[in-house]
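Peer 1: Sequence:
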Amino acid sequence: MNGFSRLVGRFFRDESGVFAVLFGVMAIVLIALGGAVVDYVWLEQTKSRAQVALDAAALALQPQIFEDDYDEEDVRLQAEAIMLERIGDNRIDAGIDQVVTSVEDGSLYFRASFTMPTIFVSLVGVPQLSAAIESEATRKKLALEVVMVLDNSGSMQNESRMTNLVAAAKCATNILMYTDVVDSGNTCTAAPGAALVENVRVSIVPFTMYVNIGPENANQSWIDRLGQSAIANDNFDDDDDENTPFNAPVDRLALYDQIDNDSWRGCVEARPHIKSGSRPQEYLDTDDTPATAGQPNTFFVPLFAPDLPETMVGLSYYSNYNNYVTDSPARCDRPPQGNTTCMQQQYRTGCNSSNSNCSGQYTEIFPIGPENFSSDAIYSGGRYGAHSDGCTCRNWSNYSSWSQFSGSGNNRTFRRERSCVGGGYVPTNLTAREYQERLCKYTGEFTHNTGQKGPNADCPTQPVLPLSADPDDVLDAIDNMVALGGTNIHEGTAWGFRVLSPTAPFEEGSEYDEATSKVMIVMTDGENTAYRTGNMNGTYYYSAYGYPYNSRNTNSNSSSGGNIERLGNISSNQGSTASSNAQIVADMNTRTLQTCANAKAEGITLYTIGLATNTVTQSTEEVVRSMLTTCASTADRARFPNAASDLKATFAAIANDLSALRLAR
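Last residue of the sequence shown: 740 in our numbering, with the numbers rising by one and none dropped.
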């Protein structure tokens, strides 16, 4: 029994089996601790891949912060997609927790986190590991290009608007182009010793009904000197017959060369409203499509406002009547081709044999001679079609002697006749349109006001200043602006767009990319204007779109026919003369918006300034404000100062907004 007791005691005191249990427990811990190194290495490798992926996302997406349609949530989703693709492991769950954008600093910041499963430490209750990473990409705009599109219409004379505009635009120029400015009261000037800011260029585009692109560009390849555009020959006819088509193209600049006291000032007409691109708003008159050989409608047609017929003088709606050439100049005479002359025949009827005691008399005047010929006798390249309905002579010959023409007894008819000395004749009894369209009349010296009348009527005196880094050039262009004529915000905006574009006509603009901020500031004192009347042209006011008669004219025999849309959407053999004033203005508003949309699609930032919108008469204040607000890149970039004296503060605020974009890194 004692032996058995000793054996039981030894059994209870024996600990050799506990070691195995303890070793088993300790083995789990030792394996987890050893495996943690593996899990940690995997964590660091994943973090490294995630960091590279996030950096790539920040660099790739940073340029988007300068776009007008920038969407932070969309950028966050794009960044997450880039991260997950670069990490390349579907066991990793990663996401962007925070996005911070600063346009002024040119920075895009991402904070991201990811979670990964564990292999070894999960044995001790740690199923996954997480980490946070962050990345910031910074690239400021390296250059700034600003075009100021400025209303120079006649209404800018009111309430010192032009004076205030000049001061305000000069202030904005100084803020943009100098490192420091001094407020000098109604404007601001460069501070003493202030340096020019690098990589800043400014352009000035004055506009009325037209934009003056500069007479020095007369021989540029993008000017239509050959009459190739569908609109180039509108309102010109070479044969005094509106019912026959025009046969030869018109070099409008050559017409100016024939005028002794006027020359082309530099204005061009709007291109025809022809579709030019895939975007709904892209037309030749709303975009920056460069002039291209083989596409004649892409060229720019020099303005030549036609002389209007004298038969309209005195009509109440012709207060700005553009009549500057007599309707019957010697140059328009029909030359003495063959037997061409004006024949006047007088008849005495019911006469006796001695041509006395006649009971009646009558006179006939009519042209004779060949038709449809060309002649250089009066001017080079003259073409002559059908005879005119009437004629007269500048110098009549003496009458011939009376001779019996017909009859007998006391019922004889006697006739005598005369014609033009030297042959040829002066056409008469032309229609008002035939008088208007006579190509032959443009020669010699005209009596007209070179600002409001003549072939340059309503063309701004100050031409476009292309993008310039010289503030003196910019300030001089602003100082030289003069208020006159109508208002065409569409044409002003279109040329502002073309100035910023890197392609011709003006090629000073940088390429469209994130390295250059392109900004357009459009200032107007009201509304697009049109002057609809019921006369043969649909208006007395020749605009950048020609007359309504020139738009969608389906009369193939008309020298202005062709069914090409310019302005006015009613198509007939009288063009769009039936378009109402409201329709014409609405079309101008639509094209203004189309031009703004095209510019914004290219990355141009638009500001608009509407002064005195409460005084508009051809639209409503709501319509004008809506157009200018929609035209701007964002609603807060549309400004509506209450008075002309507020223009300085408005322009200065915009310039200060832009000053952050001029900083280079």
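Please keep in mind that the hints were generated in silico from the structure rather than gathered at the bench.
Some hints could be false.
[Said to hold, decoys possible] Just the calculated beta-carbon pair ranges, DEER-fashion:
#1 Ala724 <-> Asp335: 44 to 54 Å
#2 Glu696 <-> Asp554: 23 to 33 Å
#3 Pro267 <-> Ala718: 52 to 62 Å
#4 Asn632 <-> Asn717: 46 to 56 Å
#5 Thr238 <-> Thr503: 17 to 27 Å
#6 Asp547 <-> Asn632: 52 to 62 Å
#7 Glu147 <-> Asp721: 29 to 39 Å
#8 Ala718 <-> Ala206: 32 to 42 Å
#9 Asn322 <-> Gln527: 44 to 54 Å
#10 Asp554 <-> Ala724: 17 to 27 Å
#11 Thr238 <-> Asn689: 18 to 28 Å
#12 Gln527 <-> Ser235: 14 to 24 Å
#13 Ala266 <-> Ala206: 45 to 55 Å
#14 Ser455 <-> Ala718: 55 to 65 Å
Backbone N, C-alpha and C define an ideal beta-carbon position, used for all residues, glycine too.
Peer 1: Does each hint fit the structure? Answer for all of them.
Peer 2: Hints and how they fare:
no. : hint                          : result
1   : Ala724 <-> Asp335: 44 to 54 Å : 48 Å, holds
2   : Glu696 <-> Asp554: 23 to 33 Å : 31 Å, holds
3   : Pro267 <-> Ala718: 52 to 62 Å : 31 Å, violated
4   : Asn632 <-> Asn717: 46 to 56 Å : 54 Å, holds
5   : Thr238 <-> Thr503: 17 to 27 Å : 51 Å, violated
6   : Asp547 <-> Asn632: 52 to 62 Å : 55 Å, holds
7   : Glu147 <-> Asp721: 29 to 39 Å : 34 Å, holds
8   : Ala718 <-> Ala206: 32 to 42 Å : 59 Å, violated
9   : Asn322 <-> Gln527: 44 to 54 Å : 33 Å, violated
10  : Asp554 <-> Ala724: 17 to 27 Å : 20 Å, holds
11  : Thr238 <-> Asn689: 18 to 28 Å : 20 Å, holds
12  : Gln527 <-> Ser235: 14 to 24 Å : 21 Å, holds
13  : Ala266 <-> Ala206: 45 to 55 Å : 51 Å, holds
14  : Ser455 <-> Ala718: 55 to 65 Å : 56 Å, holds
When held up to the earlier numbered hints, the structure conflicts with 3, 5, 8 and 9 and fits the remainder.
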